[in-house]
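Protein chains in written order, with the UniProt record's numbering: chain L, 1 to 285; chain G, 1 to 285; chain F, 1 to 285; chain S, 1 to 285; chain C, 1 to 285; chain Z, 1 to 285; chain E, 1 to 285.
For the record, the hints were derived by calculation from the structure and aren't laboratory data.
Fair warning: there could be bad hints in the mix.
What the hints assert, rightly or not - The list that follows gives simulated cross-link-like pairs (lysine-lysine, DSBU-like), each with its CA atoms no further than 35 Å apart: (1) L:K260 / S:K273; (2) E:K172 / L:K273; (3) C:K172 / L:K172; (4) F:K260 / L:K138; (5) C:K155 / C:K71; (6) F:K138 / C:K71; (7) G:K279 / L:K64; (8) Z:K260 / Z:K280; (9) S:K157 / Z:K157; (10) S:K138 / L:K211.
Claimed, not checked - Using C-beta positions, here's what the derived DEER-type ranges look like: (11) Z:N195 / S:D204: 34 to 42 Å; (12) G:L151 / L:F127: 41 to 49 Å; (13) Z:I69 / S:R39: 23 to 31 Å.
Stated by the list, open to error - Residues from chain L that face chain G, not an exhaustive set, calculated with beta carbons under 7 Å: (14) G105; (15) V106; (16) N165; (17) T276.
Think of the CB as a built atom: it goes at the ideal place given N, C-alpha and C, for glycine as much as any other residue.
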Amino acid sequence: MEELVEWLARFFSPNLLIKIGLALLQLVGILITTKLLLRFGYFFLERLFKGKNKSDKYIRQRNKTLNSILKSALRYILYFIGGTMALEVLGVPTTSIIAGAGVVGVAVGFGAQSLVKDIITGFFILFEKQFVLGDYIKIAGQEGFVEEIGLRVTKIKDFDGIIHNIPNGSIKQVTNLTASARRVVVDVAIDYQQNIQEAITILDELCQEVKEEHTNIIKDGPTVLGVQELAASSVNLRITAMVDPFQIWEMERIIKQQVKEHFDEREIEIPYKHLTIVKKSEELV
Amino acid sequence: MEELVEWLARFFSPNLLIKIGLALLQLVGILITTKLLLRFGYFFLERLFKGKNKSDKYIRQRNKTLNSILKSALRYILYFIGGTMALEVLGVPTTSIIAGAGVVGVAVGFGAQSLVKDIITGFFILFEKQFVLGDYIKIAGQEGFVEEIGLRVTKIKDFDGIIHNIPNGSIKQVTNLTASARRVVVDVAIDYQQNIQEAITILDELCQEVKEEHTNIIKDGPTVLGVQELAASSVNLRITAMVDPFQIWEMERIIKQQVKEHFDEREIEIPYKHLTIVKKSEELV
Amino acid sequence: MEELVEWLARFFSPNLLIKIGLALLQLVGILITTKLLLRFGYFFLERLFKGKNKSDKYIRQRNKTLNSILKSALRYILYFIGGTMALEVLGVPTTSIIAGAGVVGVAVGFGAQSLVKDIITGFFILFEKQFVLGDYIKIAGQEGFVEEIGLRVTKIKDFDGIIHNIPNGSIKQVTNLTASARRVVVDVAIDYQQNIQEAITILDELCQEVKEEHTNIIKDGPTVLGVQELAASSVNLRITAMVDPFQIWEMERIIKQQVKEHFDEREIEIPYKHLTIVKKSEELV
Amino acid sequence: MEELVEWLARFFSPNLLIKIGLALLQLVGILITTKLLLRFGYFFLERLFKGKNKSDKYIRQRNKTLNSILKSALRYILYFIGGTMALEVLGVPTTSIIAGAGVVGVAVGFGAQSLVKDIITGFFILFEKQFVLGDYIKIAGQEGFVEEIGLRVTKIKDFDGIIHNIPNGSIKQVTNLTASARRVVVDVAIDYQQNIQEAITILDELCQEVKEEHTNIIKDGPTVLGVQELAASSVNLRITAMVDPFQIWEMERIIKQQVKEHFDEREIEIPYKHLTIVKKSEELV
Amino acid sequence: MEELVEWLARFFSPNLLIKIGLALLQLVGILITTKLLLRFGYFFLERLFKGKNKSDKYIRQRNKTLNSILKSALRYILYFIGGTMALEVLGVPTTSIIAGAGVVGVAVGFGAQSLVKDIITGFFILFEKQFVLGDYIKIAGQEGFVEEIGLRVTKIKDFDGIIHNIPNGSIKQVTNLTASARRVVVDVAIDYQQNIQEAITILDELCQEVKEEHTNIIKDGPTVLGVQELAASSVNLRITAMVDPFQIWEMERIIKQQVKEHFDEREIEIPYKHLTIVKKSEELV
Amino acid sequence: MEELVEWLARFFSPNLLIKIGLALLQLVGILITTKLLLRFGYFFLERLFKGKNKSDKYIRQRNKTLNSILKSALRYILYFIGGTMALEVLGVPTTSIIAGAGVVGVAVGFGAQSLVKDIITGFFILFEKQFVLGDYIKIAGQEGFVEEIGLRVTKIKDFDGIIHNIPNGSIKQVTNLTASARRVVVDVAIDYQQNIQEAITILDELCQEVKEEHTNIIKDGPTVLGVQELAASSVNLRITAMVDPFQIWEMERIIKQQVKEHFDEREIEIPYKHLTIVKKSEELV
Amino acid sequence: MEELVEWLARFFSPNLLIKIGLALLQLVGILITTKLLLRFGYFFLERLFKGKNKSDKYIRQRNKTLNSILKSALRYILYFIGGTMALEVLGVPTTSIIAGAGVVGVAVGFGAQSLVKDIITGFFILFEKQFVLGDYIKIAGQEGFVEEIGLRVTKIKDFDGIIHNIPNGSIKQVTNLTASARRVVVDVAIDYQQNIQEAITILDELCQEVKEEHTNIIKDGPTVLGVQELAASSVNLRITAMVDPFQIWEMERIIKQQVKEHFDEREIEIPYKHLTIVKKSEELV
């Protein structure tokens, strides 16, 4: 009997008992920590979506869905980590589990990198305020008014009424066309036979008239800069003006119509393409 | 005899027995866990495909095939991980197995990253509802009606009746052309000899007529904006209108025909290209 | 003598004996497992190639070769893993072997990633049935009839009789031109002097005739849509029709010949390019 | 009783006590170090933003936000590392936690690499002073005046009044157009019938006049280089000059107007495109 | 003395002796295995190059060189691995050596990935027989006859007599132009004044003649398809034929010459570009 | 009391004392090594910047700044490594710290790879002397004189006076235009009616004259090569010459002016574009 | 005293002594191995550069520099590895050192991958002899004579006398234009009114003459292939010939001049562009 006791005593040595105790303690600890982290994560997600809770019903619906997806993801990840740790505590080797999860993780990570890039760029767009809702901008080769700035996608609406969804990660250069004033450039072609100085004088008068008539949208000019080009069939004079950003197209139309009407009055013609014809002498005989 | 017992006792020391016991326990645990995970995985897959079970026979067939493929994949992966863990429990070194599987996994992961990207983008397309079935959209340089939105591929059908299968990963910018109203732009060329104001008046009348005749599809306009361009051989006037998205081509045709007919009535000609001919004097002699 | 025994006893302590026994057991286990996996792999490969065994002699030959190559690869890999595990069991450090094999594996994995991509995409092409043998498709910028769909390469044959081998990995967008009906578009140019309504009436009659004559290949139309463009030298009217997918080119030719013949009857001319000539007055003197 | 003591003594062996003591010591150490690093990090961030504190209110606001974001990030990272270390000290296996965090870290790292590239390039732009505020430069295909040089984004404003936000990472080649002097090139076309030497003499005089009139902006020239091209319809002579960088457009306009006026005086014409007409003899009959 | 013995006995304890013995055994094992692997590798390389031993002297020379280079590489790698393992057996820590070699290996692996890709693609080209020596193919944008298919490079010789060396890795799409029959397409332009039906009849006769004269190279046709295009200045009729792949250029020339000669006989002209001239009335006065 | 001593003795067993001693020793060693490496690093940096110390004040200033930045970086890195090693010596687990630093390191490493590439390419440019200061080169699509060759950026100044900063990593192909002699190519167009042999004789004389007049800058030629092209409206003859690299533009101008003047003397005309006009007979009636 | 001895004996137990002895042995071994490897590396580098030692003084100078740089690099790397191993032998944890060095190594490895690629491709260029010094080749879009084939860069010199330095890694397709014979293609345009058969006869005679006159450089032909194209304004006949690779430009010029002269004799004209003019009847009135 005593031998058995001794044998058992050797069996359940203090070392072993401590180990078992510690293992139990650790298991309980893992369980509690997992639960706590899960609760904290839920709380964090709730706050995250509450903070951005807009009155729009559609967005609220979307947030709800996104919230429940993220909670599921969090739950599965925490369960996986907790379970793996428990196995390790029990002395089960988990290298192969972790290696497997690692390979999957890396594959997903690779595929998800454009998603991560979208979100990081989205964050900086929101943070640096390169544009705000309603701005008229040009991103990724597309012009339009900013309709929505999301974490992953920016929506812009062009003049044709079409909405372009542009992933933030494909936004490199941001051109904000909602400046305080934009430049209008009109090139006026006159005939080579035409006296340049006379034409410039007429255009100067025209500029003065336009300036007086549209003071509300003009910031600066219009001014005649001079001979921009000795072109193939015409001398081109350039007029520029700084106007309100959304009036540049209208201002261009006004100046062009004025030029045509002023030139009609003074009987100055805007020249067509010219071609000098040479007839071969031997053929003419 | 006693020596043998003692020798055996030393042989089968408590430590060893515990180790053997633990190993057996772990093996049984691994077996059960693998089975459980397999069953859970099967159940999860069933539910995943049940949830998306459409009445379409073809899709049901496909889901069935996909389901059985995924089950096979899951089974092989779990068997591999379970087997490797069992080997480790038995003290067989498995570093080389895991390293081998890792290299294969990384290679497959690299090759599969566009697949993962397809699925992640597909998920966001479904989730963010950038377009729905039946929308007329432009993705990856291709316009068409959305026929099917899959996890990996989106199918669109263009006006020529052709179906384009576009992997979701190659969808960057999504342009949704199914707006509430789209813009029609018609540029009308008139002769430089023509009085601009007169032409604009005629076009204004025309716009009014079109507006009254097609109130059902027109949202706004048509309006004459003015002199868009002093072109090489003509003065171009611009007309714009906002119409139902799928009526823009019809509306363009209506306005163009009206312009031709109104101009014919008033005997205004739409000018051809002009060329001013200069004859070399010395050659003319 | 007794000391020697004791010394030996200490030498061949139970612990050591167990270790040696275990090592032997593990070596035998590794040997058996390797053999079993090899046999299972062979069996699996046999079944894989048997399942796809087509009656074509050439493919059978190819499968045989591929089979023997894959068996060699499997054999070398299993021998390598088994050998490394045996070394580890014998206590020989194998870190450097595994590291070396890892670097080679990663290098090969990098180089092979386009191969893996080919096969993964090939699998999805086969699985999603985006096209089948005989379809007329457009992939990777090349149009043609599908001749063969392989795991790595898809072969298409164009109208010129040429075969294009396209690696599956370079197939992004799949355009299947074997639709139920495809659209034919013919733009007819008429002179600006020509009465539009008259021309449209003639084309309407023509459409009716074509429709009646070719009911077997026409699904819908042909219809005159109206004034498509007020072009530089002509007014362009558009005719469209939906026809059998492989009759679009024939239908285009029929409509064009009909247009020419109908216009010839009514003496309507298809206009050449127009140019308005202006002579400089001063030069004319 | 004594046995219990002995048993306890064996239980709480010096080894164990030392281990427990050490663990407690380490836990305390980890706690203190984490706190210290947090405080030091805060201090460092404060100084970083203080050092760049500009009087601009908007930037101060942004710095404040950025500061609080970075502090949060730092806090979470330090807490995570500290917590994991504590778990390890307590003997809880943390491989799976670290592996999980590692995968997330690598994914974020991949997505963030363009951000890191922006900042590294930004640092070198600031450090190498390739351009300073107010310079007129060309980067990433965009010309404009430098408005702001940030760590992530450089802002330039073009002549049209539009601001372009260019991520530093997309700046490859930097062309600084704010040179001490820039070259103006004007090509003057004269008729093939025209005597070249005479034309060159006239242009030489013109250059001399321009030089005297605009000494303040001209650094060198203008000079007539000679026959640049025997073009299709004209002999082209080239004039070049070095002027103040922002006067090149004005100088071009001045020279062009002068050329036109000087040629008008001497009745030299700038030729139109020439075409030699050959009439088919058989057709002329 | 006895104490010394005992001390020594404790020193050279069985455990230690076993360890030393094992180490010696392992060292010898490593030495033998390295030697064996080296010999096996040499043998394998010999067989590899013997198997591909062509009678061409130049290739034999090259194989010899390549063989000796590969043997050197193998020798250095095996010596490195063997040496590192020996160090580990001796208890020298080798982590830093392996880490260093790993970094070098990864760098080389990255740089070598295009080499690996070349070889893998080369293997598949040889294996899938997409083309054989003498075929006329188009790869990587280059057409030519296949001169040599190597593991790394494919050589093709174009009609100009130039040899293009194309790395296999840059071969994506393989177009094999050595088809059983290729299509010839000839578009014949006739005047708008010309009767279409008459022209088609003439071309039909011509096709019949060509068919009879060149039966040896023609597989199908030539056939007149009909009105291919109502072009700007001509009605275009299309003739197609299927001929031997290397006769398509000759057949094109034959048909074109025949068309010209047949049209000359019937006095049908192939039209030049047409232009309708309109003279401005006001200018004519 | 004795028991306490014994207990303490067991507590502070030789093993423990040795361990403590060793730890202290190692800590001191780490401290000293860190200090030494820091000093050595400082010394190395000093020498590096001293060796390249140019008399230019601006560069000295920059080196100073760069030096202090690099010293800070070195200090932080060494402190981090030293601190981590100290923690490990104290038995604190540092896996999580190293993992964290590793992720940051990899992210920075990815972002910095273009920087590393710049510097490596820069080193080879300096080392291989592909170009030196003052050379006229073409790199990355930009021509100019080399102003500065830096480790990261090469500065070139073009003829317009503009400085281009080109990161060395974007320099692929280096074209050095500062050759010993460069070729001038002038194509002279003569009329189809012109006798070719006569024109060649005139050009030969011209070449002889130019050669005699500009012996200082001409290395070889100019020579008339013969009929380069039977172009659309002219026969083109080619003249080539080898001249000093920076005289090619001047030589081109000289030859062109000479050609015009020689042709004027002999009354040979340089032809304009030719067009053969055919009048439709039916229209002429 | 005895207790002290015993205590010391327990202190300096055989185990410890063996450990210390082993450590010393290992340290010495590391020292010696490092020295040996360094010497061997030096010797290897010497031989490498001696083997390629050309008589050119410049290259000798470069090799010397490169040699000393590589020796420094080798020395630093070996010292680093040796030092780290020594630390490990002394029981100092080196994980953090190796991790740090690893991150640096990976960053450098990434940046250096294009360098490694250059060298690997360079090796294959040298080894596969795709071109040799003096060949006229086309690589990376640049034609020229091979001046130097280096491990990193290949230098080619074009006809303009300019040297292009092309990194071997950017050499994909190698086109060797130094073939045994290259093809000359001349397209001759004749009038549509011209009798084709007559023109072909004349060209046949011409080919015969050219063949007889230039037998030394002609390998095959020249031959008249027939009607290459029924072009817009002319019938194009094609002549081809195989000539010495560097005579193709000269041969082209000879054939073109001959064509012009033979046609002049027979009064056959090379046609200009043709245009059929139609005059609007209503305008002519």
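Practice item. Any hints from earlier that this structure breaks? Give me their numbers in increasing order, please. Key: 2, 4, 6, 7, 8, 12, 14
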